[in-house]
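S.K.: The chain contents come next:
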Amino acid sequence: MEKFISHTGTAVPLRRSNVDTDQIIPAVYLKRVTKSGFEDGLFAAWRNDPEFVLNQPQYKDATILVAGADFGTGSSREHAVWALQNYGFKAVISSRFADIFRGNSLKGGLLTVILPQDVVEKIWGAIEVDPATPVTVDLEAKNVRLGSDIYPFELDDYTRWRLMEGLDDIGLTLKNIDEVTAYESKRPSYKPKTLPARS
Amino acid sequence: MSKTLAEKIWADHVVRSAEGEPDLVYIDLHLIHEVTSAQAFDGLRLAGRTVRRPDLTIATEDHNTPTLNIDQPIADPVSRLQVDTLRKNAAEFGVRIHSLGDAEQGIVHVVGPQLGITQPGMTIVCGDSHTSTHGAFGALAFGIGTSEVEHVLATQTLPLVRPKTMAINVDGVLPDGVTAKDVILAIIAKIGTGGGQGYVIEYRGSTIRNLSMEGRMTICNMSIEAGARAGLIAPDETTFEYVKSKPHAPQGEDWDAAVAYWKTLHTDEGAKFDTEIFLKAEELAPFVTWGTNPGQGLPLNASVPNPADIVDVEERGAAERALTYMGLEAGVPLKSIKVDTIFLGSCTNGRIEDLRAAAEIIKGKKKADSVRMLVVPGSARVRLQAEQEGLDKVFIDFGAEWRNAGCSMCLGMNPDQLAVGERSASTSNRNFEGRQGKGGRTHLVSPLVAAATAIRGTLSSPADL
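So the protein lines, in turn, are chains D and C. Heads up: the first sequence begins at 1 in the numbering used here, then just goes up one per residue. Heads up: the second sequence begins at 1 in the numbering used here, then just goes up one per residue.
The set of hints was computed from the structure by calculation and includes no laboratory data. Where hints are given, some of them may not hold.
DMTMM-like mimics (lysine to aspartate or glutamate), calculated; alpha carbons at most 25 Å apart, straight line [unchecked claim]:
| # | chain 1 | residue 1 | chain 2 | residue 2 |
| --- | --- | --- | --- | --- |
| 1 | D | K175 | C | E253 |
| 2 | D | K186 | C | E19 |
| 3 | D | K122 | C | E92 |
| 4 | D | K90 | C | D256 |
| 5 | D | K193 | C | E104 |
| 6 | D | K191 | C | D256 |
| 7 | D | K191 | C | D268 |
| 8 | D | K186 | C | D55 |
| 9 | D | K186 | C | D171 |
| 10 | D | K193 | C | D12 |
| 11 | D | K191 | C | E7 |
| 12 | D | K193 | C | D254 |
| 13 | D | K193 | C | E19 |
| 14 | D | K35 | C | E389 |
| 15 | D | K191 | C | D392 |
| 16 | D | K122 | C | D12 |
| 17 | D | K35 | C | E92 |
| 18 | D | K191 | C | E241 |
| 19 | D | K191 | C | D55 |
| 20 | D | K35 | C | D84 |
| 21 | D | K193 | C | E269 |
| 22 | C | K8 | D | E184 |
| 23 | D | K191 | C | D23 |
| 24 | C | K438 | D | E184 |
| 25 | D | K193 | C | D268 |
| 26 | D | K175 | C | E241 |
| 27 | D | K175 | C | E19 |
| 28 | D | K186 | C | D84 |
| 29 | D | K193 | C | D236 |
| 30 | D | K191 | C | E389 |
| 31 | D | K191 | C | D236 |
| 32 | C | K8 | D | D178 |
| 33 | D | K186 | C | D256 |
| 34 | D | K186 | C | E21 |
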């Protein structure tokens with residue numbers, strides 16, 4: 001995974017709440033068996049509308065998505081994260097993310113930043129007035145900066161460290177695999193097994 | 001110290017706990033399907049890793065499978081490749097798989113319980129958000145993304161931050177015609193789609209206790225629609241009875257040991273939940289959604305709400321957008337809304353009791369000419385059971401289509417989709433824009449309301465017949 005320390009780019013305002021993962025990428029786009037090429041399905045239904053914010057030329061190169069509350073509700077499809085990343089987004093800002101989407105994003109290196117709704121609205125205002133405003137999402141300093149404004153955000157130290165180092169979660173767990181083996185030796189015999197199959 | 005049910009299960013599965021790190025939690029069962037696993041198996045191959053516990057892993061095909069002509073190759077080549085990829089991965093990594101045509105194939109959350117591999121006190125995960133269904137057995141069960149699927153395949157564990165706990169208490173006797181589906185729709189309307197974020201919900205109270213296992217599964221299934229990754233119900237005699245007859249139930253001494261453990265799985269007297277919510281069963285009614293998220297629901301006797309009456313600016317905007325998308329006018333009685341498609345199925349309401357309940361309503365009647373009705377059993381086993389009971393004939397005589405098992409129109413990934421502007425009464429779990437097909441409009445309902453609506457052609461409850 002690529003390290004995430006700090007990212008500066010332009011941002012696009014998505015003034016909608018409850019953007020579910022079916023909106024981020026509809027099911028018909030989930031048939032691929034790779035992790036790439038999902039950008040064509042990103043917000044597929046909305047992108048048919050020329051007025052949709054992602055279709056506006058001033059936001060064409062944006063790398064930060066600033067969305068309404070409860071972003072990423074619904075399905076657990078990690079394709080939603082891949083679609084945002086494949087399109088070019090490095091970070092998403094919202095006042096609230098759905099649990100599974102947030103977990104997926106932080107596993108995959110798409111930084112999801114939680115800021116209060118009034119701050120989200122200030123950022124919306126600023127990037128609507130001047131879409132070229134540079135926005136910095138700084139994981140090291142744990143803040144978002146636009147012009148002279150600095151908005152701190154929280155992220156637990158463990159996740160922050162893992163993202164900044166670009167570490168593979170599985171590799172970290174495998175370092176402690178002896179503890180897994182020890183746990184397994186104590187599991188009760190009544191716990192079900194799928195093999196051999198009974199039916 | 002007094003503990004909640006969720007805290008007990010969590011404590012029993014912590015492999016490693018270290019300051020400043022998430023807990024490493026052992027996973028007792030990993031369910032797999034074709035849509036969220038291919039990239040995970042690829043990751044294993046790239047890193048030269050194996051599946052640590054194939055004997056705690058099981059795969060089936062459900063999301064992207066057709067419900068017609070299942071004896072022929074899948075027509076869409078991209079879908080066929082996805083299903084073939086799962087089959088190849090299962091063979092390569094030694095994972096048990098139930099493929100199309102197999103009696104145990106079906107929606108992953110219907111298959112686990114019917115095989116008896118879903119049991120109380122377990123941790124269960126799947127790359128599907130409706131894994132919360134298995135919480136009905138008093139298991140801690142939740143959906144995960146593909147990165148986590150790979151993590152579980154490789155290590156049989158997940159690093160997790162302990163969730164907060166919420167109790168939802170439902171007490172009293174449900175009025176006639178009010179089902180588990182109506183209870184959970186009412187709960188989501190009350191707490192909202194984000195109300196459960198960060199929580200595990202425990203459903204409690206006499207109403208919940210009196211539900212069958214299948215009703216409990218319907219409730220837990222939609223926990224994610226309230227934002228909670230998991231929902232659970234303490235196991236009791238109803239649970240034990242259900243598990244006992246299933247193929248993978250513990251045998252002999254193991255059964256006794258298991259039941260002894262399962263009987264400890266309840267929230268202790270005096271244990272504290274972070275949040276508690278109360279509902280009275282007597283106040284509930286058949287429920288239906290009018291909008292584009294599962295929290296936008298009302299009793300069927302109500303009218304389409306007027307966004308102007310909503311104080312919260314954000315919610316008002318969402319309601320306005322929803323009404324535009326749904327093609328509805330404020331103030332119109334919900335019961336006057338005409339639908340053209342009825343979908344009976346899904347991991348929410350595709351089990352045998354759901355089919356029986358709907359069949360009971362429509363028996364000897366004909367569907368409205370203006371509607372089509374799809375009946376999609378949750379699993380091939382459910383379909384066989386229904387056929388033994390003659391339910392297939394009831395549905396076919398009524399004018400419905402009797403399909404093979406799978407997720408089908410719940411998520412509109414296979415050919416079973418709504419066309420632009422079509423409107424469904426659906427027993428599934430999500431009414432998101434385009435969920436059942438691009439431009440399709442969904443009203444979430446119970447199997448009873450679906451059946452009554454199929455007869456009348458407008459949103460109806462059995463009491464309207």
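S.K.: Determine for every hint whether it applies to the structure shown.
M.R.: Structure-based check of each hint:
With a C-alpha separation of about 36 Å, the suggested pairing of D/K175 with C/E253 is violated against the 25 Å cut-off. Taking the CA atoms of D/K186 and C/E19, the gap is about 24 Å. The hint holds against a cut of 25 Å. The suggested pairing of D/K122 with C/E92 is violated, with an alpha-carbon distance near 52 Å, which exceeds 25 Å. Taking the CA atoms of D/K90 and C/D256, the gap is about 53 Å. The hint is violated against a cut of 25 Å.
For a cut-off of 25 Å, the pair hint linking D/K193 to C/E104 stands: about 16 Å separates their Cα positions. In summary, the hint linking D/K191 to C/D256 is supported, as the alpha carbons are separated by about 12 Å, within the 25 Å threshold. Between the alpha carbons of D/K191 and C/D268 the distance comes to roughly 23 Å, so the proposed pair stays at or under 25 Å and holds. Pair hint D/K186 plus C/D55 holds up; C-alpha atoms about 16 Å apart against a cutoff of 25 Å.
Taking the CA atoms of D/K186 and C/D171, the gap is near 39 Å; set against the 25 Å cutoff, the hint is violated. Note on D/K193 and C/D12: the hinted pairing holds, with a Cα-Cα distance of about 18 Å set against a maximum of 25 Å. Restraint check for D/K191 and C/E7: satisfied, since their Cα atoms lie roughly 19 Å apart, inside the 25 Å limit. For the given pair, D/K193 sits about 13 Å from C/D254 by alpha-carbon distance, which is consistent with the 25 Å threshold.
Taking the CA atoms of D/K193 and C/E19, the gap is near 32 Å; set against the 25 Å cutoff, the hint is violated. Pair hint D/K35 plus C/E389 does not hold up; C-alpha atoms about 44 Å apart against a cutoff of 25 Å. The suggested pairing of D/K191 with C/D392 is violated, with an alpha-carbon distance near 36 Å, which exceeds 25 Å. This hinted pair does not check out: D/K122 and C/D12 have alpha carbons roughly 45 Å apart, beyond 25 Å.
For the proposed pair D/K35 and C/E92, the alpha carbon gap of about 20 Å is at most 25 Å, so the pair holds. Between the alpha carbons of D/K191 and C/E241 the distance comes to roughly 17 Å, so the proposed pair stays at or under 25 Å and holds. Annotation: proposed proximity of D/K191 to C/D55 holds, straight-line Cα distance about 11 Å (limit 25 Å). At roughly 17 Å between alpha-carbon atoms, D/K35 and C/D84 fall within 25 Å of each other, so this suggested pair holds.
At most 25 Å may separate the alpha-carbon atoms for a hinted pair to count; D/K193 and C/E269 exceed this at roughly 33 Å. A C-alpha spacing of about 18 Å is found between C/K8 and D/E184, which places the hinted pair at or below 25 Å, so the restraint holds. Distance restraint check for D/K191 and C/D23: the Cα-Cα separation of roughly 21 Å lies within the 25 Å cut-off, and the hinted pair is therefore satisfied. With a CA separation close to 46 Å, the supplied pair C/K438 and D/E184 exceeds the 25 Å bound.
With a CA separation close to 29 Å, the supplied pair D/K193 and C/D268 exceeds the 25 Å bound. Simply put, D/K175 and C/E241 have alpha-carbon atoms about 42 Å apart, too far for the 25 Å limit, and the pair is violated. A C-alpha spacing of about 17 Å is found between D/K175 and C/E19, which places the hinted pair at or below 25 Å, so the restraint holds. Using a Cα cut-off of 25 Å, the hinted pair D/K186 and C/D84 is violated, with the two alpha carbons roughly 37 Å apart.
Simply put, D/K193 and C/D236 have alpha-carbon atoms about 22 Å apart, close enough for the 25 Å limit, and the pair holds. Note on D/K191 and C/E389: the hinted pairing is violated, with a Cα-Cα distance of about 33 Å set against a maximum of 25 Å. In summary, the hint linking D/K191 to C/D236 is supported, as the alpha carbons are separated by about 18 Å, within the 25 Å threshold. Of the pairs offered as hints, the one joining C/K8 and D/D178 holds, with about 24 Å between alpha carbons and a cut-off of 25 Å not exceeded.
Distance restraint check for D/K186 and C/D256: the Cα-Cα separation of roughly 18 Å lies within the 25 Å cut-off, and the hinted pair is therefore satisfied. Taking the CA atoms of D/K186 and C/E21, the gap is near 23 Å; set against the 25 Å cutoff, the hint holds.
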